[in-house]
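Taken in sequence, the protein lines are chains R and D. Taking numbering that gives the first Met the number 0, the leading residue of the first sequence gets 0, the next gets one more, and so forth. Taking numbering that gives the first Met the number 0, the leading residue of the second sequence gets 0, the next gets one more, and so forth.
If you are wondering where the hints come from, they were derived from the structure by calculation, not from laboratory data. Relax, there's no trap hidden among the hints.
Just so you know, same-sequence chains aren't split out, so a pair can sit in one copy or run between any two.
Below, computed lysine to any residue pairings styled on SDA-like, alpha-carbon distance capped at 25 angstroms: (1) K59 - G104; (2) K20 - Q31; (3) K59 - M100; (4) K155 - N42; (5) K59 - E102; (6) K20 - K155; (7) K24 - R35; (8) K156 - Y21; (9) K59 - Q101; (10) K59 - T103; (11) K24 - D84; (12) K158 - P134; (13) K159 - P123; (14) K155 - G36; (15) K158 - D91; (16) K20 - S32; (17) K59 - S32; (18) K59 - E152.
Note that the structure is predicted; figures quoted are calculated from it, not measured.
Number of protein chains: 2
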Amino acid sequence: MTRAAASLVLVLVALSSTFTKYVPKSGQRIPQSLSRGWGDQLNWAQTYEEALFLSRSRNKPLMVLFLLEDCPHSQALKQAFANDDEIQRTLDEDFVVLNLMQETGDQHLSPDGQYVPRIVFVDPSMTVRDDIVGPYSNRLYTYEPTDMKHLLENMKKAKKLLKHNEI
Amino acid sequence: MTRAAASLVLVLVALSSTFTKYVPKSGQRIPQSLSRGWGDQLNWAQTYEEALFLSRSRNKPLMVLFLLEDCPHSQALKQAFANDDEIQRTLDEDFVVLNLMQETGDQHLSPDGQYVPRIVFVDPSMTVRDDIVGPYSNRLYTYEPTDMKHLLENMKKAKKLLKHNEI
Numbered sequence: 000m001t002r003a004a005a006s007l008v009l010v011l012v013a014l015s016s017t018f019t020k021y022v023p024k025s026g027q028r029i030p031q032s033l034s035r036g037w038g039d040q041l042n043w044a045q046t047y048e049e050a051l052f053l054s055r056s057r058n059k060p061l062m063v064l065f066l067l068e069d070c071p072h073s074q075a076l077k078q079a080f081a082n083d084d085e086i087q088r089t090l091d092e093d094f095v096v097l098n099l100m101q102e103t104g105d106q107h108l109s110p111d112g113q114y115v116p117r118i119v120f121v122d123p124s125m126t127v128r129d130d131i132v133g134p135y136s137n138r139l140y141t142y143e144p145t146d147m148k149h150l151l152e153n154m155k156k157a158k159k160l161l162k163h164n165e166i
Numbered sequence: 000m001t002r003a004a005a006s007l008v009l010v011l012v013a014l015s016s017t018f019t020k021y022v023p024k025s026g027q028r029i030p031q032s033l034s035r036g037w038g039d040q041l042n043w044a045q046t047y048e049e050a051l052f053l054s055r056s057r058n059k060p061l062m063v064l065f066l067l068e069d070c071p072h073s074q075a076l077k078q079a080f081a082n083d084d085e086i087q088r089t090l091d092e093d094f095v096v097l098n099l100m101q102e103t104g105d106q107h108l109s110p111d112g113q114y115v116p117r118i119v120f121v122d123p124s125m126t127v128r129d130d131i132v133g134p135y136s137n138r139l140y141t142y143e144p145t146d147m148k149h150l151l152e153n154m155k156k157a158k159k160l161l162k163h164n165e166i
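In isolation and in its complexed conformation, chain R is listed as follows (with noise of 0.2 angstroms):
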């Protein structure tokens, strides 16, 4: 399918949105996405039982992003994250990729606290990995926008999985 096709497809998908029966008091509303535009073509896991379950099946390593929607550090992460070619590409050919608002009930996911933006890597052995951290001491796993390339050296280090550096 080209881009112009595609283009006409997201445009008709939208206007027959508009046509569905249910209509809010409060006005028509944008459906949500899974991605919440950190990578709207990016293939999100919902919950992080189904992103297990994906990372363990595909042998691919998870990446979990905390973040919440009224957090400027996090608004500003996004723009950096959902804009480097290569950041999405990677994810999208060798990651599994979730994105939470809420915590788990796992805490091995929060490592050094529950803060956001936050991004832990799971390995597809189900371990995650607490080695892989970002460049701030205080707040092991965050990352500012300046840091994407300190982020793609992590997702190189996530991809040699677990199990290949036993053998």
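Given the coordinates of chain R, assemble chain D onto it according to the supplied hints.
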């Protein structure tokens, strides 16, 4: 915002997303929606944890929908469900909604087994309402497309919160 203006916004959003940098080799994708077609105008929770939090804080019952996208029964039910104006309005105004393609760790959500489609209500007190069942004795929490009235009656039962009943 008028419906025409809302349509325009949707078209612009669709168009703008065609100008993002990264495009998968297989071609532009339509961003995934949290509704999965079960009600584009509803504010869907993403995870069970988030849904429980919203249900408690808003004192509204939670509807959990288990579905699979390649299951013909789920797809048939989706049509009836998404096009039922009263169900959609009631869910939007009085419920927290969550749809899941993956089971959670909470076995209370599968009182008679794990199957799809399955609809389970949870009280804001975080009690699974296993007393609210559909018309089929073999699979208590499933519904057919013709059962929307039964489902609506069950939604009314779920709206009578357990705490209120106890007073």
